[in-house]
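Student: Listed below are the residues making up each chain.
2 protein chains.
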Amino acid sequence: MAISVTSIGIIQTPFKDIDGMPVQPSGARDVPGQLVLDPQYEEGLCDLDGFSHLILLYHFHLSKGYSLTVKPFLDTMRRGLFATRAPRRPNSIGLSIVRLNRIDGRILHTLDVDMLDGTPLLDIKPYVPTFDIRSDVRAGWLEQSQERSTSLKSDQRFREKK
Amino acid sequence: MAISVTSIGIIQTPFKDIDGMPVQPSGARDVPGQLVLDPQYEEGLCDLDGFSHLILLYHFHLSKGYSLTVKPFLDTMRRGLFATRAPRRPNSIGLSIVRLNRIDGRILHTLDVDMLDGTPLLDIKPYVPTFDIRSDVRAGWLEQSQERSTSLKSDQRFREKK
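If you're matching them up, the sequences are chains A and B in order. With the first letter of the first sequence counted as 1, position 128 gets the number 125 in my numbering; the numbers rise by one all the way through. With the first letter of the second sequence counted as 1, position 103 gets the number 100 in my numbering; the numbers rise by one all the way through.
Hints are all accurate, no fakes.
Since the list can't tell identical chains apart, any single copy or any two copies may satisfy a pair.
In the SDA-like style, the derived pairs of lysine to any residue whose C-alpha atoms are separated by at most 20 angstroms in a straight line are: (1) K150 to T127; (2) K68 to E40; (3) K68 to Y38; (4) K13 to P29; (5) K68 to G137; (6) K61 to I0; (7) K68 to D46; (8) K13 to S148; (9) K61 to S1; (10) K68 to C43.
Derived by calculation from the structure, the hints in this document are not laboratory data. Keep in mind it's a predicted model, so treat the numbers as computed, not measured.
Kindly generate the complete structure, drawing on both the sequences and the hints.
Tutor: Structure (C-alpha cells):
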C-alpha cells in the first residue's frame, strides 16, 4: 500500500555535501539551521516556542535504494538495517532531535542540525520528556560506539547503492 | 513534491477502536503488541535484539485531513498543530518509542504500544541514548500536563475532520 507524503518546508543547513557531515545531532552540537516552513502551514507553529527541543521527520532525499544489511558509520561490521540509523531504508525518512532557538514567522531557527542543506521537511513534533525519554536503555552494538558520534563525520558510503 | 512511502509490516495491538486508547506509550505501560514485518525485510532485523527500545514510525491510517490548530487530549485550549502530537497532520506519520521484548523470526514482541490494531508500520529505528535523550528540556504547554498522559485515554476527536 503506497502512502503519499509531501514536503511541508525545507531545512537549510551548512552542509552542502554528504562528505564531512555529522552523522547525528550529537555530532552537530550548536550547528545552526533554519526550517523554512511553507506559508500555508505557518498557523500550525502557534505555541511551539515554549518547547526547547523538536523532533524533525524529513526525507533523506539523496538516498536511493537500500540494502537489508549495512556497514554503519559507527562500526566496521555489517549490521541489520533496522538496527542502524542509516539513511538508505525502505522508507527513507530521517529523524533528528534539534534545539529550537527562536521562531520568526514561518522560519524556525534551530541548533544541533545534522541534515543536508535542502532536505525536505515532513513533520515537526514537540519533544516531550514523558513521551520521549526512556530509562534502562540498552543500545546493542551501539552501546560502546554511540559516544563516537560526537566527532565522527559522514563519508560517501550511503550515496550510491552498494 | 510527493514522496511515496509504503507499509513494511503491520502493528498488532489490543486496541481495536480509537475510543479508550492510551494517548502515548507513557499511558500504555506493559501493553503488549506485535510488529509483523513483511517477509522480504526480515534480514534487516539482524542485531536489533541487543536494543531495549525501538523508535517506530507508522501511518495514522484512520486519520483524515487536518486542522492547523487542534484541541489536544492533554489540554482544553486549541494549540498549534506542530506543538502537539495529534494524529491528524499534513503528513500523518506517528512516532512511538516502545520496549522490545523479543524477536521471533519476523515478529517483534514489544511492550508499551499505543497504536491502533492494524496500523501500517513504516520504519523501525534503534533508540540510542546519545542520539535521542536530551537534557534541559522545556515542554511548553505540555510542561504541566505531560504526566497526565499516563492515565488519559483517547476519544473520538481525531476521527473526523472538524
